[in-house]
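Asker: Given these sequences and hints, build the entire structure.
Listed in order, the protein sequences are those of chains A and B. In our numbering, each number is its position in the first sequence, counted from 1, plus 89. In our numbering, each number is its position in the second sequence, counted from 1, plus 1227.
It cannot be assumed that every hint is accurate.
Said to hold, decoys possible - Coverage of chain B stretches by chain A, computed from C-beta distances (three or more under 8 Å per stretch; other residues unrestricted): (1) 1258–1268; (2) 1286–1292; (3) 1391–1399.
Hint data in this document are derived by calculation from the structure and do not stem from the laboratory. Glycine included, every Cβ here is placed at the ideal spot set by N, Cα and C.
Given next are the chains, with one letter for each unit.
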Amino acid sequence: MGASPYAPDDLVEGVLTIRLPVAHQDSIASELTAPLHVATPLHVNAMNNLMDLLSFVLADEAVNVIVLRDEGEQFGASLGAAADTDPELSHQLVQRLRDLPQPVVAMVPGHIHDQALALLQVCDIVLATEQDDWATLSFPASELEEQTYKLAGELASKDPLILRFTKKTVQQVASIAWEDILSFTTAQQAEIKSLQAGRPSPRALAIESFLAGKSKPGAGA
Amino acid sequence: MLKIEDTPDGIRCIGLNRPDKRNAIGVEMTLALEDVLLKTKTDSTVKAIVFHGLGGHFCAGMDMKDFFDSSTRSPDALLRARAATEHWRIELIRQMPQKIFTAVEGYCLGGGLPIVAASTAVVAQREAKLGLPEINFGFVAGGQILKAVGEVMSPRGLAYATLTGRPFNAEQAQRWGLVTQVVESDPLQQTLAIAKAS
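Answerer: Set out below in structure tokens:
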């Protein structure tokens, strides 16, 4: 792999911040009417860049957790603009985000664009200032960023393999029939065991620590 | 391990009774749960089932020490206990002819949640702490537990609980669909009242 595609402060201790492109409301209309030599609209370029970035993140073991944010006024507005020009691209973007093995935490400090709903649906956790169906938890605006990075940091401190398998299990269980659920779990445990071969089992260590009274994982610590 | 009482109006109260372990489900308790559900299933005198925990907690989940790395049980005993666990939580509890009602106070974690998920109504005391802390122990919560919980809990809540391993309170559990009613005092009285009226 070549140089890191991330801005210097965007990857901190396993937490990668990804910013959605900020929407430029005036960039589309005139270009749509021009038949030839049309420059690709800015936000479509930005979305393509984001697609490339996500492909890189997908395979980057240094990234344990992603924080998705939007510096614009409306969360996901640029995605909305891109969807108007190139619906297929915006669809692919949502799919690529869903396919990331790392948990994605969206930080939504205000209103969302209609098109952002599909995007938020594939984020694992959504922290917002508004208590709405699409939000997991809500906080006052002054606390949102701190709470988001606190949660992301907590996730990044967990065993990365277990974190990824947990995300996958949550995504898949609803579509697995009850009669198949036990073989699913058994197969998954075997896969984890083989991937963990040669390193100390985090489960054994965690249980040892719990039994010694050093930690209380059930109490969230 | 279980305190089983039948009321005159046909309600079978099943109390998880291992208070010194916060009612964690160990080998004996899981065998007892399979047994009582099997017997209750065909007992036409039982009109409804009420689950609760003795000693201030509903259930701290599966007993890690008894089931996992540090277990002193024989392989045969463990095999039998694991089979019993999957039997009651994947099949029996989801297919009981009677409605199930559950009273939750204190801890209600991991392996205790399939009981909650199979319940028609769940009354939780406000200070109850629910959660799926498996990830904090370094393992993935069983698909069978997540599937059961996911049938009643919002996908958002399920992802949050499993990925963070953080406990959440009764009010949050109600918002996410896992709990029906939040009460200030003993949840068992209210649960019995609901079961009687059902």
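Asker: Now, for every hint given, state plainly whether the structure supports it.
Answerer: Now for the hints, and whether the structure bears them out:
1. 1258–1268: violated (count 0)
2. 1286–1292: holds (count 4)
3. 1391–1399: holds (count 4)
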